[in-house]
Amino acid sequence: DAFERLERVRLANPELYAQAVRYIVALYQAGRLPRKLKDEELKALLLRLRGPKREPKIRIAHKGGS
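Read in order, the letters of the sequence shown correspond to residues 1 to 66 in my numbering.
One or more of the hints may lead you astray.
Below, computed lysine-lysine pairings styled on DSS-like, alpha-carbon distance capped at 30 Å [as the list claims (entries may be wrong)]: (1) Lys53 <-> Lys43; (2) Lys57 <-> Lys38; (3) Lys53 <-> Lys36; (4) Lys57 <-> Lys43.
Think of the hints as simulated: they come from the structure by calculation, not from any bench.
Build out the structure end to end from the sequences listed, making use of the hints.
Quick look at the structure:
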């Protein structure tokens, strides 16, 4: 359920949680959130707020040599 997901985000990533809550409150105040947010909708919102994942860069350092 969306509330449980949001609570897990709060524990794991407080900054993302704060962003999501601000966004949800703004939607509600603007009248653009007429019902409870579904889990899938919250999941999509969190993905949008988090942005694209960056691929880790792996460098191989060779010892010695030129």
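### Query
Which hint numbers does the structure go against, in order from smallest to largest?
2
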